[in-house]
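Chemist: Residues per chain are reported as follows:
There are 2 protein chains.
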Amino acid sequence: MDETQNPPTTEMQSTTITSETLPFENFSRRVLIKTILNRPDGGLGLAGKRVTVGGWVKTGREQGKGSFAFLELNDGSCPSNLQVLVDASVWNLGDLVPTGTCVFVEGELKKPPVGTKQNVELRVIRVLEVGPVDPVKYPLPKTKLTLEFLRDVVHLRPRTNTISAVARIRNALAYATHTFFQKNGFLYVQTPIVTTSDCEGAGEMFQVTTLLSDAEKVEKEIKKNPPPTKAEIEAAKLLISEKGGVVANLKSAKASKEDLNASLSELKNAKENLSRLEERSKLKPGIPQKDGKIDYTQDFFARQAFLTVSGQLQVETFACALSSVYTFGPTFRAEHSHTSRHLAEFWMVEPEIAFANLEDDMNCAEAYVKFLCQWLLDNCLDDMEFMVKNFDKTAIDRLKLVSSSPFERISYTEAVELLQNVTEKKFENKVEWGIDLASEHERYLTEVIFKKPVIVYNYPKQIKAFYMRLNDDSKTVAAMDVLVPKVGELIGGSQREERYDVIVKRILEMELPLEPYDWYLDLRRYGTVKHCGFGLGFERMVLFATGIDNIRDVIPFPRYPGRADL
Amino acid sequence: MDETQNPPTTEMQSTTITSETLPFENFSRRVLIKTILNRPDGGLGLAGKRVTVGGWVKTGREQGKGSFAFLELNDGSCPSNLQVLVDASVWNLGDLVPTGTCVFVEGELKKPPVGTKQNVELRVIRVLEVGPVDPVKYPLPKTKLTLEFLRDVVHLRPRTNTISAVARIRNALAYATHTFFQKNGFLYVQTPIVTTSDCEGAGEMFQVTTLLSDAEKVEKEIKKNPPPTKAEIEAAKLLISEKGGVVANLKSAKASKEDLNASLSELKNAKENLSRLEERSKLKPGIPQKDGKIDYTQDFFARQAFLTVSGQLQVETFACALSSVYTFGPTFRAEHSHTSRHLAEFWMVEPEIAFANLEDDMNCAEAYVKFLCQWLLDNCLDDMEFMVKNFDKTAIDRLKLVSSSPFERISYTEAVELLQNVTEKKFENKVEWGIDLASEHERYLTEVIFKKPVIVYNYPKQIKAFYMRLNDDSKTVAAMDVLVPKVGELIGGSQREERYDVIVKRILEMELPLEPYDWYLDLRRYGTVKHCGFGLGFERMVLFATGIDNIRDVIPFPRYPGRADL
Chain U
24 MDETQNPPTT EMQSTTITSE TLPFENFSRR VLIKTILNRP DGGLGLAGKR VTVGGWVKTG
84 REQGKGSFAF LELNDGSCPS NLQVLVDASV WNLGDLVPTG TCVFVEGELK KPPVGTKQNV
144 ELRVIRVLEV GPVDPVKYPL PKTKLTLEFL RDVVHLRPRT NTISAVARIR NALAYATHTF
204 FQKNGFLYVQ TPIVTTSDCE GAGEMFQVTT LLSDAEKVEK EIKKNPPPTK AEIEAAKLLI
264 SEKGGVVANL KSAKASKEDL NASLSELKNA KENLSRLEER SKLKPGIPQK DGKIDYTQDF
324 FARQAFLTVS GQLQVETFAC ALSSVYTFGP TFRAEHSHTS RHLAEFWMVE PEIAFANLED
384 DMNCAEAYVK FLCQWLLDNC LDDMEFMVKN FDKTAIDRLK LVSSSPFERI SYTEAVELLQ
444 NVTEKKFENK VEWGIDLASE HERYLTEVIF KKPVIVYNYP KQIKAFYMRL NDDSKTVAAM
504 DVLVPKVGEL IGGSQREERY DVIVKRILEM ELPLEPYDWY LDLRRYGTVK HCGFGLGFER
564 MVLFATGIDN IRDVIPFPRY PGRADL
Chain D
24 MDETQNPPTT EMQSTTITSE TLPFENFSRR VLIKTILNRP DGGLGLAGKR VTVGGWVKTG
84 REQGKGSFAF LELNDGSCPS NLQVLVDASV WNLGDLVPTG TCVFVEGELK KPPVGTKQNV
144 ELRVIRVLEV GPVDPVKYPL PKTKLTLEFL RDVVHLRPRT NTISAVARIR NALAYATHTF
204 FQKNGFLYVQ TPIVTTSDCE GAGEMFQVTT LLSDAEKVEK EIKKNPPPTK AEIEAAKLLI
264 SEKGGVVANL KSAKASKEDL NASLSELKNA KENLSRLEER SKLKPGIPQK DGKIDYTQDF
324 FARQAFLTVS GQLQVETFAC ALSSVYTFGP TFRAEHSHTS RHLAEFWMVE PEIAFANLED
384 DMNCAEAYVK FLCQWLLDNC LDDMEFMVKN FDKTAIDRLK LVSSSPFERI SYTEAVELLQ
444 NVTEKKFENK VEWGIDLASE HERYLTEVIF KKPVIVYNYP KQIKAFYMRL NDDSKTVAAM
504 DVLVPKVGEL IGGSQREERY DVIVKRILEM ELPLEPYDWY LDLRRYGTVK HCGFGLGFER
564 MVLFATGIDN IRDVIPFPRY PGRADL
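As they're listed, the protein sequences go chains U and D. Under my numbering, the first residue of the first sequence is numbered 24, with each subsequent residue one higher. Under my numbering, the first residue of the second sequence is numbered 24, with each subsequent residue one higher.
Think of the hints as simulated: they come from the structure by calculation, not from any bench. Careful, some of the hints might be misleading.
You can't tell identical chains apart in this list, so a pair holds if it fits in one copy or across any two.
[Claimed, not checked] Result set (EDC-like, lysine to aspartate or glutamate): computed pairs, CA atoms no more than 16 Å apart in a straight line:
| hint | residue 1 | residue 2 |
| --- | --- | --- |
| 1 | K160 | D545 |
| 2 | K57 | E95 |
| 3 | K509 | E239 |
| 4 | K474 | E265 |
| 5 | K313 | E239 |
| 6 | K280 | D495 |
| 7 | K416 | D405 |
| 8 | K206 | E48 |
| 9 | K240 | E227 |
| 10 | K498 | E455 |
| 11 | K160 | D541 |
| 12 | K240 | E358 |
| 13 | K316 | E244 |
| 14 | K316 | E242 |
| 15 | K316 | E239 |
The following block holds chain U by itself, in its conformation from the complex:
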């Protein structure tokens, strides 16, 4: 046992630790349930060992006329529960059986009687701690709860099978993301959350400000302690001239140093009093205004500031210096979307590669998505099996398909032709060259026509952002979208326009102002480089992997119009 990590103490653990006792894990005072159950033998080989475990009771039932109880214990380390057997002589069973009860126990692992499902069960020797639950009041009764219901108990929903499985899958995808990019020599750059740039000049942005709270403070202050009236200020001024007069008189009368100093001190006080009053008279209720508009020079950052909608433009500054970089952080849209695919706060993965073109971009996107899928198959199969059983029969098959088959790559022009020739289905939206593909078209391409991921590239310039590289045909830009079954667009990317003259022309064409992009243009003015990148909506990837339908259920704390619990 590692002494530094897990020294025995007397407070929570007092039995002798013998060679028969499994060591603590995780800098905590217990063995993880997955360490017991996720062995190839399902834990059977540990029979006879002493362990300390802790977790929350999923189901508890008294048996043998109340002489013992079975507890299904889960500690969040894996989807499986450990079966725990407690004798009535050890603890009051009624305290242990309610769903949600936290128990922290020491016991011995045993092979259960023949014919039972478990490979191993725990016979409790000592109950160390209990966190009780009043079943009448517990907000998560044992009955099957809908995901929609659980959104109203966001602080307790991690205790449910589904939300905890999603949390483990999400964790795996996040670490797989870092591992993929680090393995490939990319540097993680944390782009700013508060920004004074707008990535596309389009998205609705949240504003970040201290003006409202400052105004509230001033109003409170004024209420408590009203600013001086004009008369009070005049009186203070009068006092100064009086005191000044006294000083002048004393000086001309060559009065004693003492008398003069006393008067000078009074004059000083009077002056200080006036400057205090004048300072306070500047206190004005409300938000500071200038020329009929809000005066943002008074705001915290001395200008209007927003929550970022993408780290791309900022991460490009690092790509144009450190070559291969990525950002992985929260992004925000203040859109009043109430769909199952949109959040006001969501996470994005955005790599950016120098000395690379659109083909490299597609190669990177494909390799990354394949890596994520394979990672889940290698590291989260138990949770994926739970998702297959409870939400989406095809979830594992989809991961296998994506990780093993090359993505189809077609140009936007080819995609439009394919969709225009579709006769089996009537689309709600028009398919026409020059209009963006709708979600129904994207899903038809990947789910019906190709039955695998599809990368569509070279889009008409008028439907894409100014920073995407203009192709030689002058009609399309080097953009690409990765479409996958179940969610449609998973990734959007492009080669960036590295030519100074061309990008300036594109900004002006799109009627955007040049000045806010001056720093961005500097990257093209000085040592410009061909580069490309893409963005993956992280929650979309979790939806794709888990088969969950609503994006609000795959992020720990969903934010959407009207809701930001906790």
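For this one, chain U is given, so just place chain D on it according to the hints.
Modeler: Structure of chain D alone, referenced to chain U:
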């Protein structure tokens, strides 16, 4: 060569790829310079190989009366430059030598003449691309630039040796963080950025709102299209009653269906017109008010929302379900601090462990910091050597010290006694039981008294947050701070109060309202568990590692009062 990753294309690369050619890396069209130079032989073993490399010129000089040029080329993959030799017959040398020029070249690696510093240099065969620089205008001249100056060119500063070395060290620390916690079975939970809770009821918070931009939109709309006057609305009402009269008359006169329908249609139009006018008459300039206060029910989240100051309270909901979790994300303080230690936006690492006490917390914090230090020694030695040479002679020694020596652990009471007995130094701040230690005291403990990291634990309850577990002495709480040389406090943590009655009493004692913490109390009402956690200020760790003095230089895009560039 991996075909999927790096297929040859005609656009940027047209020479035949032979077995003598090193494959591309990073989903880009070049070999990383670190792949060449960071070999044990410094690249010598690659002599004779063809490679394509890209990077930015650090220093260029024409030699041999302009017959060739030496370029020191850096691509951000490592602190070292590759020496590149270009013949005047290959490219116009004047275009290549300015500092900051981007060059993308193909050539052959050669052993340079005896007596030169390099182990290997590149003789260029073809120049593939050049991103030129006008040296007169380039904002980063070759002269030594101060870090302070570089803060004004935040978009180009990653091209400097210092900022790029810091970026690589920061990247390594971030990945080491994930690796440490994942290896130890912790799940990464992304806590929310926008929050409606305040972690400690203390910190100054930024507000997140759409009210100001909504008000601006309304004002623009009103200007363009003023709301209807009362007279206009009265006229519209009159029209309805007129049209209604006509319909009534036609009905009683049993007029033709056609006539009646025409009148009914006119009546409908008149009604619609009125409702449009009434809707528009509700448009009011300014921020919506109710009962003399801002009406936040009209804001995006239907209530006041802020940027998070810590993910701790939220991540506790996951610890009380999934046992061992951590969050790693941006946090915010709207404090007008202009110090070298504070940012308005900074990153925090916050693990939270169930079934664990303060000792486990200290063990985890110590193991984590040691792991980070060892990781840098193992993975970033070249960058650390750069920091030692240019910023802090002791930086590597400090990492070695911390990774190898057990941290001292003393109680707050012992720390106060030690400091009160110090005679060699006069502190500016008072040392007295019950007052928080000042930064000078913390640094004295770690730098002078113990000369290694120190963990101070069991602080007086009145100087710590309500959620920290009350010790049996009823005077102290189970809190701990990790102090390290150079930065002082690096980590703050505690065992959390898991006892419902005790925490309620503490909240009331500190005159905080109970209602906002109701969800937090639920964690103690239902299945409560002993748990602990801590927070590490990620930028402080980067300061500690690099020896850089100002926190604004160790985050890609610093935000502080008055500044949020890009």
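Chemist: Output the indices of the hints that this structure fails to meet, ascending.
Modeler: 3, 4, 6
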